[in-house]
Structure formats: structure tokens, C-alpha cells
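2 protein chains.
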Amino acid sequence: MHCLNVELGERSYPIVIGSQLLGDPQNLLPYIRGRQVCVVTNETVAPLYLPQLLAALADFDKVDTIELPDGEAFKTLDTVNRIFDLLLERRHNRSTTLIALGGGVVGDMTGFAAACYQRGVDFVQIPTTLLAQVDSSVGGKTGVNHPLGKNMIGAFYQPRVVLADMATLTTLPEREFSAGVAEVIKYGLICDETFFCWLEGNISRLMARDPQALAYAVDRSCRDKAAVVAEDERESGRRAILNFGHTFGHAIEAVQGYGAWLHGEAVAAGMVMAAELSRLRGAIDAGLIDRIRVLLEAARLPQAAPAGMLTGEFLDAMAVDKKIVDGRLRLVLLRALGDAQVVDDTPKALIEQALRHCGAV
Amino acid sequence: MHCLNVELGERSYPIVIGSQLLGDPQNLLPYIRGRQVCVVTNETVAPLYLPQLLAALADFDKVDTIELPDGEAFKTLDTVNRIFDLLLERRHNRSTTLIALGGGVVGDMTGFAAACYQRGVDFVQIPTTLLAQVDSSVGGKTGVNHPLGKNMIGAFYQPRVVLADMATLTTLPEREFSAGVAEVIKYGLICDETFFCWLEGNISRLMARDPQALAYAVDRSCRDKAAVVAEDERESGRRAILNFGHTFGHAIEAVQGYGAWLHGEAVAAGMVMAAELSRLRGAIDAGLIDRIRVLLEAARLPQAAPAGMLTGEFLDAMAVDKKIVDGRLRLVLLRALGDAQVVDDTPKALIEQALRHCGAV
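So the protein sequences, as listed, match chains A and B.
Counting from 1, one number per residue, gives the positions in the first sequence under the UniProt record's numbering.
Counting from 1, one number per residue, gives the positions in the second sequence under the UniProt record's numbering.
It should be emphasised that the hints constitute simulated quantities derived from the structure, not laboratory data.
Glycine is no exception: its CB is placed at the ideal position from the N, C-alpha and C atoms.
There's no promise every hint is true.
[Said to hold, decoys possible] In silico lysine to any residue, SDA-like type, Cα no more than 25 Å apart, as pairs:
1) Lys150(A) x Tyr31(B)
2) Lys348(A) x Gly359(A)
3) Lys150(B) x Ala73(B)
4) Lys62(B) x Lys150(B)
5) Lys62(B) x Pro147(A)
6) Lys150(A) x Lys150(B)
7) Lys62(B) x Ala319(A)
8) Lys62(B) x Ser204(A)
9) Lys150(A) x Asn81(B)
10) Lys150(B) x Asp344(A)
11) Lys150(A) x Leu310(A)
12) Lys348(B) x Leu288(B)
13) Lys62(B) x Arg90(A)
14) Lys348(A) x Arg328(A)
15) Lys150(B) x Leu88(A)
16) Lys150(A) x Tyr157(B)
17) Lys150(A) x Lys62(B)
18) Lys348(A) x Arg90(B)
19) Lys150(A) x Leu329(A)
20) Lys150(A) x Thr65(B)
21) Lys150(A) x Leu57(B)
22) Lys62(B) x Gly120(B)
23) Lys62(B) x Asn151(A)
24) Lys348(A) x Leu329(A)
25) Lys62(B) x Arg328(A)
[Unchecked claim] A partial selection of chain B residues facing chain A, derived with a Cβ cut-off under 10 Å:
26) Val16
27) Phe84
28) Ala113
29) Ala115
30) Lys141
31) Thr142
32) His146
33) Gly154
34) Phe156
35) Arg160
36) Leu315
[Said to hold, decoys possible] Derived contacts from chain B toward chain A, CB cut-off under 7 Å, selection only:
37) Leu86
38) Gly149
39) Tyr157
40) Leu288
Whenever a hint applies, use it, and build me the whole structure from the sequences.
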């Protein structure tokens, strides 16, 4: 069991990483301040892990559970409102704690509900997917989608503790596991050359879900992300490098329809596009692009645009993404392996060229 | 023109108090950082003050306006969602500024929309009612109601600037003006004996809407509230004294149906109840209760429960209010004139007695 601390002043919190954490109440109880809890989970995760969690919570005065439908399509204000309904019907007060048991969608909605319920109650995150463990467990981004854009409504809100239990990854479908690995590879690319090289040497152990390799990768990913977030909690500057591959990836998700490609799959292809654009600007060489493609291939992740997607579709979708400031498209590009930066002066023609090199038509 | 600063570290902001502020763009422009603005107002206020405001905003790249229906009944998540719809349809980005032009309902919803849109954009408050000027302009409480409780969904979020223009109070209906005076009197009672005495001597000038008396009362109220909020931004302790009269008042609003009594009217009666309970606990004498009633009478405000309202209705409604922590009802009571405190050990029988002394049956 490792424990790492996300340093955010009075909002600091620990991430506990290990196996079979859910079975031991002592991993959870020290972080719950009141006598009421509400577990938010979904219909897929509940049969697998809810009984263990409820056993650990048996001594509280009030323990409620809400099972949401599974999937990004339900990450809406209406679904969050169902959480508010339950909390009010069951008279949860300001000292209640919400516990998110599930992947990123459950975590994002539970965190946002906690941020807004009575203007803020405690929440605890138990991410059960690799993506949620290495991404949403650090950084405090919570929120929901809007028909006109992803993650457009939300809050920055930090949990009291995150429990990343490797045991929950054993039941994860293969595509979802790979999608999580995409974000792991991202940390190597943007800020941790050593980790990228470790991944090149250990990708088969990781894909075989070797528990020690997994715990190492989750720990290192969370540390990398925590270091970036600690510098810039509310994303005014450096934190934006975490969006490497995401602006292109969001365009793929938006145009294909959410759910056709998993977020991590879209980010994988988006990272190749961002890397290719970095190469066209002269920052990196073709050899690094090859290394990235080989690693993504081993992780069973796409390395190019969806078949038939147009460069114009990318550009239109990117224009509504959050990364525009006063008319200039901000993109995260590589200066070198392990070194990303935000640029807002990329000519449109160069973006189109990079997209075409990556299969867009 | 006065200017006072609400001191909240990096979230500090000025409140500008004066007459005809809306007409001068220089009161507004220094506080807007991007090139996009969206004015949120309602159908009552728009015809009166929107043209002036839009004239001051003529030079921005994008100026949108949304007119919400007027009234507490529309302070809902659905209405806030209409603001999100407009912002996304019109492609407002993270550097946009929302401007609330209206009373507390408009301000609370606009602030909450700003807190959540793209996880937080700037907002500016132009409160056009006395209540909003002396209450919601300080403290950063934003949010909406839920069918099961008032202000149950929201965020703490600070504006970039507040413009309190006395000129906007000239069109305020008489009942709404009185409702604002209830909160002004509250500041005297809970933390400012000198101000309470000033109000006793100047209540008729104030009720005649003498601009100088008004500006003084708004300034002093905001300073009093700012001093309390600066000590406790997120309401973990002392800030709770601002709820003096509110727990009883919310019960009146909930049982009568929102809108039957104005918030300030309910708070006025609630303050008499809280004062009476303070007397029953031996903290203050009957003479002070008389002074409070005389002042409220001069301000044309109620001093007792609505006809026929039951003590049991009060107690049930108070049980779902936010002021319960682990089963104990927290009430704000007076230790003396100008000195309030939070107590959580009041016997139920004493509360019932106070309610009966104030007209509950």
C-alpha cells in the first residue's frame, strides 16, 4: 500500500494505492467527519463492489445508496439532480459525505453534486477504472456534459481522500483498460521521460494487469499529475499541459458521437496528432512519433483519426472547445519527450497538415 | 460615491456605492477582463435599467442578454440551465463575464451560473433592490432552490465588483423596500449597536428613501457583513450569526409557500422570535424586544407569525433547514444588542414558548 499526498494547502488530500483496500474500513473511516454517508455508484459497478463498501460503512447513522445508469450519455445536470433529490428526501445535512464508487463519470457527477449540495459537503472518491484512478483522482475537476459541449458545467472541488484499489481493475473490460493506459502514456510524454522509457520496457506486464506494474503506473501517474496541479490548481497556466491530445480527442468524441470512441481512445489518437504537429513545428523528430505509435499499438490503442473524419470537422469542433481564449486556439505541443508547453500561435494550415498526416481527409 | 473593499485574500473585491453609477462605463470596464459579456436580468428590471447598461458595454466583441422570468419561483436549476444554453449557443468562452442586473434572485442564479460555467468564469453584480445591495452583494453565496428546500444547491463564489446604485432603488415597490430594511436592521442587532441606534433615529428618512440616508445604510450594512464574512468565508463558524431570524423566517416562507411573504418580511418576524427566545434564555430584557418591534413597525414590517401558523409547522420546517448539525438545531440568538451567537442547546419547549409569544398557535 502506497500513500501519496496531493498538496493543495488546506485542500490537500491523500491518495491511497493498494490491493483489497475496500475490504478494510480503516482506509475510509478516518476521512469521514459526520454520521451520514451517501454512496453514488452505477448499475455496472454496484453488483461487483457495493456490498464490500456497505459492510465497511455499517456503523453510520444514515447510509444511502443511489445507482445511476452507466455511461457518459447520463453525465448530465438531470442525473446530478437525482442525487440532490435523494439527499433532500433523506434529509442529508451539511455534515454528510458523498462517496463516489465507479469510474470517471460517477466521480465527476458525485464531486459536482458534493460541490453544490448545500454549497459544499465532503466527498470521497473510490475510482474503479484505470482512467479514473490516474486522471480524475487528481485535480478536482468535477462536472457534467451539456448537449453543446463536454464538461461545460462543473466546479473545481477536492475530495477528502481517494482510494485506488488495484483489485477493482481485474473486472475492467479490455477496451476500457486500454483507454486508461492512454492517459498513463500521456504523463510520460508531457512531463516524465523516465516513466515513458519504463512504459516502453514494461508495457506487456502492464497490459497483463500485473498488480505490481499497475500499482507503480498508477502511483507514478498520480504523482506526475499532482505535481502539475499543485502548481496551478485552477488551470490558469501550466496545468493546461494535462490536456495534451485532448483538444483533438474531444473533436473525435464530439463528431463521432460520445461513446463511439472511448475518451482514452480519442486521446490516444489526439496525442499522435499533437505530436505530429510538434514535429511539423520542428520541435521533435520522426523517431519519437514512431516510439509513441509503437507504445500505443502495444496498448491496443488507435494512432490515427477515425476513418473518413474530415479536417474541417476537427477544426469546427475544436472551435467550441474550452481551450479558446479571445479567438486564439490554445494547443498543447511537445518541446521534447517529457516536456510539453501551451502554444496559441499555430497556423491553421499546419494543423490541417498534421491532421491529414494522421488520417483525416 | 463610496467604495469599500471586501477582504478575502485573492478573492477580494470592491463594492461601489453611489448614485447614477450605471450611466458611467468607467465604473464597470476596469473589472471586465475579456472581450465577451452576458447580462442576466429579468423582465421587470430590463425595461428600467438594461438600456443604460448596454450603452456602457457597447465596445465589447460579444454582448448577449438573457431575460429571466421574475420571482423566487423561477430560482431553479432549470432556469440556470437556460443561462448555460445561451452561453454555449453563443459560444461564450472561459474569459467571458456574466453581469447580474436585478435583485437577489437574479444575482444568486447568475453567480451560480458563473461558478459552474466551464468550472468558473468572472461575474459582476449590479443589485437593483435594497435587499440584494445589503445582503447578496457581500458573502459570495450563490445558488438555487429545490422543491424540498430553499438555497439547497449552490456555491460560494465571489464577484469581481459590485455596483450598488441608489438610483435603482427609486423604482422599488414599497413592500420590497421594507423587506430590504429588515436585513439592514439585522446588522444593527447582531453586530453594530451604534448602527441600530442610528436606525432608530433615522428610520423615517430611510423609509422616505433619502439618498444620503440610503447610501449610509447600504455602506454600513455592507461593511458589517464584510467584517463577519472576512472572518469566515465558508460559514464554518461566526458567519452563521448572519442567519439571525432566518431559521424561523425560512419556516414561515416554506409553510406559507414561497412568495406569500417576502423573504425580508419573514426574516423580520423571525428576528422577533429569535429575540424573544433570547429573552426567555435570560440574555436580553423585554425593553429591547419593544425597541425591535417599534423599529420594525416604522419600517412597515411584520412582528409576529402569520395568522394561524402552528408551532408544529415551525418545528417541522426548521428540521429540514440547513442549520442542523448531527441532530442538533443551531439557532442564532442575542447575547445583547449588537452581539449575536450561535447556540445548539435550546430546549424544544422553550422554542415552542417563544413561538407562542410571537403569535404561533
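Hint check:
no.: 1; hint: Lys150(A) x Tyr31(B); verdict: violated, 29 Å
no.: 2; hint: Lys348(A) x Gly359(A); verdict: holds, 17 Å
no.: 3; hint: Lys150(B) x Ala73(B); verdict: holds, 10 Å
no.: 4; hint: Lys62(B) x Lys150(B); verdict: violated, 34 Å
no.: 5; hint: Lys62(B) x Pro147(A); verdict: holds, 22 Å
no.: 6; hint: Lys150(A) x Lys150(B); verdict: violated, 29 Å
no.: 7; hint: Lys62(B) x Ala319(A); verdict: holds, 16 Å
no.: 8; hint: Lys62(B) x Ser204(A); verdict: violated, 52 Å
no.: 9; hint: Lys150(A) x Asn81(B); verdict: holds, 15 Å
no.: 10; hint: Lys150(B) x Asp344(A); verdict: violated, 44 Å
no.: 11; hint: Lys150(A) x Leu310(A); verdict: holds, 20 Å
no.: 12; hint: Lys348(B) x Leu288(B); verdict: holds, 23 Å
no.: 13; hint: Lys62(B) x Arg90(A); verdict: violated, 44 Å
no.: 14; hint: Lys348(A) x Arg328(A); verdict: holds, 11 Å
no.: 15; hint: Lys150(B) x Leu88(A); verdict: holds, 11 Å
no.: 16; hint: Lys150(A) x Tyr157(B); verdict: holds, 22 Å
no.: 17; hint: Lys150(A) x Lys62(B); verdict: holds, 22 Å
no.: 18; hint: Lys348(A) x Arg90(B); verdict: holds, 23 Å
no.: 19; hint: Lys150(A) x Leu329(A); verdict: holds, 17 Å
no.: 20; hint: Lys150(A) x Thr65(B); verdict: holds, 24 Å
no.: 21; hint: Lys150(A) x Leu57(B); verdict: violated, 30 Å
no.: 22; hint: Lys62(B) x Gly120(B); verdict: holds, 19 Å
no.: 23; hint: Lys62(B) x Asn151(A); verdict: holds, 23 Å
no.: 24; hint: Lys348(A) x Leu329(A); verdict: holds, 9 Å
no.: 25; hint: Lys62(B) x Arg328(A); verdict: holds, 15 Å
no.: 26; hint: Val16; verdict: violated, 26 Å
no.: 27; hint: Phe84; verdict: holds, 6 Å
no.: 28; hint: Ala113; verdict: holds, 9 Å
no.: 29; hint: Ala115; verdict: holds, 7 Å
no.: 30; hint: Lys141; verdict: holds, 7 Å
no.: 31; hint: Thr142; verdict: holds, 8 Å
no.: 32; hint: His146; verdict: holds, 6 Å
no.: 33; hint: Gly154; verdict: holds, 5 Å
no.: 34; hint: Phe156; verdict: holds, 6 Å
no.: 35; hint: Arg160; verdict: violated, 15 Å
no.: 36; hint: Leu315; verdict: violated, 14 Å
no.: 37; hint: Leu86; verdict: violated, 10 Å
no.: 38; hint: Gly149; verdict: holds, 6 Å
no.: 39; hint: Tyr157; verdict: violated, 9 Å
no.: 40; hint: Leu288; verdict: violated, 31 Å
Checked against the numbered hints given earlier, the structure breaks hints 1, 4, 6, 8, 10, 13, 21, 26, 35, 36, 37, 39, 40 and satisfies all the rest.
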